[in-house]
Amino acid sequence: MLIVQSVIVGVIYLVLGFLEEYLSFPMCSRPMVVGSVIGFFLGDLKTGVMIGASLELVFMGAVQIGASTPPDSLVGTAVGTAFAIIMHADVEVALALAVPVALLVSMTSSIWLTLRTFWHPTIEKMMDKGDYKGLERMFYVVALTLYIPKALLVTFAIMAGSTVVEKMISIIPEFVTGGLGVAAGMMVAVGFAMLLKMMWSKKMCVYYFLGFLLVAYLNLPILAVAFFGVILCVILYFEGNFKMNKAAPEASEEEELFND
Amino acid sequence: MIKERLNLSDEDVKMCKQIGFRTLSLCSIMEMEKMQALAYVRVMIPVINRYYHTQEERIEGYKRHWELFNTTPTVAGFITGLSAAMEKQASEDPTMDKKSINAVKASLMGPFAGIGDSIFWGSWRIVATGIGLSLALQGNVLGPILMLVIFNIPAHICRYYGPFLGFGLGSKFLSQVSESGLMQFLTKCATIVGLMTVGAMTSSMVSLNIAYVFTMNEVEMSVQSLIDSIMPSALPLALVFVCFYFLKKDVKPITIILGIIAFSILGRFIGLV
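One line per chain: the protein sequences are L and X, in this order. Per this note's numbering, the first sequence starts with residue 52, numbered consecutively. Per this note's numbering, the second sequence starts with residue 484, numbered consecutively.
I should point out that these hints are in silico values taken from the structure, not numbers from a laboratory. The reader is advised that the hints may include incorrect statements.
To give a feel for the contact side, a few chain L residues facing chain X, derived at Cβ under 8 Å [claimed, not checked]:
| no. | residue |
| --- | --- |
| 1 | V84 |
| 2 | L93 |
| 3 | P172 |
| 4 | I174 |
| 5 | I222 |
| 6 | G229 |
| 7 | M245 |
| 8 | V276 |
Where a beta carbon is used, it is the ideal one built from N, C-alpha and C, also for glycine.
My request is simple: use the sequences and hints to build the entire structure.
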């Protein structure tokens, strides 16, 4: 039974990871989606969704922006969710596993990416011959060179790790699991700080506080805050100092194109 | 529709769709040395095969695109479409310097990555995730579905129309858009909505509560309720800024996460949190 379950999780990892990059990041490898899919196939959709959502909070800031290496949230979520569902454990257990696994895998990420450069001589040989059909095949080979070893890693980690993890869970004292639960609520702050670092400027930071105060004092839902933000942008467009330069007709033409 | 507006033939439309679909996969073969080069070659294969007819020219064409390239795939369609237009021009005009094709690619990939990352990965993903999360945290499967739908509708418009606009309007269009200030305005809007959402989620999703209770004049006082009466979510706000401060000091996120875990376990042990 465990073998079947770990193979299922490995296949889910392979499919979601490949599709994410193949279809230009439709966000199908975010923890919320991965947790739900694993939950569905392991027969406990609700737990999967909840674990995925909790891990999404932890990994929300973990995206590849520029040259930084984020924690590998996909491997972390896959392993953490699978263990928690297989052992009927709590969200804290999923978290205790997902975070270290994601960090470990991201530390080795340059090794994984280097695997792909081994194909360079083959690619260049095909190019010399003008073999474009071969190049198109090579594209899939190079893409999967990363995902198949990682999927095997996920499968074997779940297969081999379950007895160890089960023992580990039974001996962990309460203040550690409780502390991890507290840490889960705090870790999302790191993600937000990473996003702030990207967007922060003296002129713009007032909008951050506006969003914060709208929820802290008025308890508005996130969607309402987003709508207010959009309305602010419209006000800025008409009332602010934004002026279209001489190229205005082209710009409006572009908008019409999008409405087609 | 777009075909008539840009004066495209049926064959052009077919090629733009093909370019668009292949552009999606730019990141599939990401590696450290040439980054997205092989995927770019794959995007250009149908273009080069259409406009060049001798084997030597084709080989030269494939090799031309076997160069380092890296941008956000969601918005890369503008660039791949423009490359296709330039390849077409180069095949018709033998005096054209083919190096300019790569020069344009190299000059556009930075700005496009900046805009694509801040609009789609920075702001819009956060808005979509925030909306989905509030449902998903209660175990409602609509949460992740809603997130996928909200994120992908505008992203898909960009993915689909990018190559058409790049191919049909060419480099003139792209420079006009950047001169008109529309790009900057859109980036500004994305930043406003993004910052507001992150601020909102700082209050609703970061949780840090002080469990410590002290006795004053024989009345039990909870530190947390004291803080809440002044400003709800003041601690989460402070926590975000502590993390922000360390990030600005070039502390790695991993180190901060480990610090938070250590703090929580220790805090739980002594009954602080």
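Mind checking the CB of M245/L against every CB in chain X and telling me if the closest is under 8 Å? 6 Å, holds
Holds or violated: is the Cβ of P172/L closer than 8 Å to a Cβ in chain X? Hint violated; P172/L Cβ to chain X Cβ min 12 Å, cut 8 Å.
Residue hint I222/L, partner chain X, criterion CB-CB below 8 Å: 15 Å, violated
Proposed interface contact between I174/L and chain X, which counts if any beta carbon pair is under 8 Å: Holds. Min distance 6 Å.
Tell me if the interface restraint on V84/L is satisfied: Cβ within less than 8 Å of some Cβ in chain X. 5 Å, holds
Hold the hint about L93/L up to the distance rule: shortest CB distance to chain X must be less than 8 Å. 14 Å, violated
Would you settle whether the hint for V276/L is holds or violated, based on the nearest Cβ-Cβ distance to chain X being less than 8 Å? 4 Å, holds
Does G229/L pass the interface hint, meaning its C-beta sits closer than 8 Å to a C-beta of chain X? 5 Å, holds
Hints 2, 3 and 5 from the list above are not met by this structure, while the remaining hints are.
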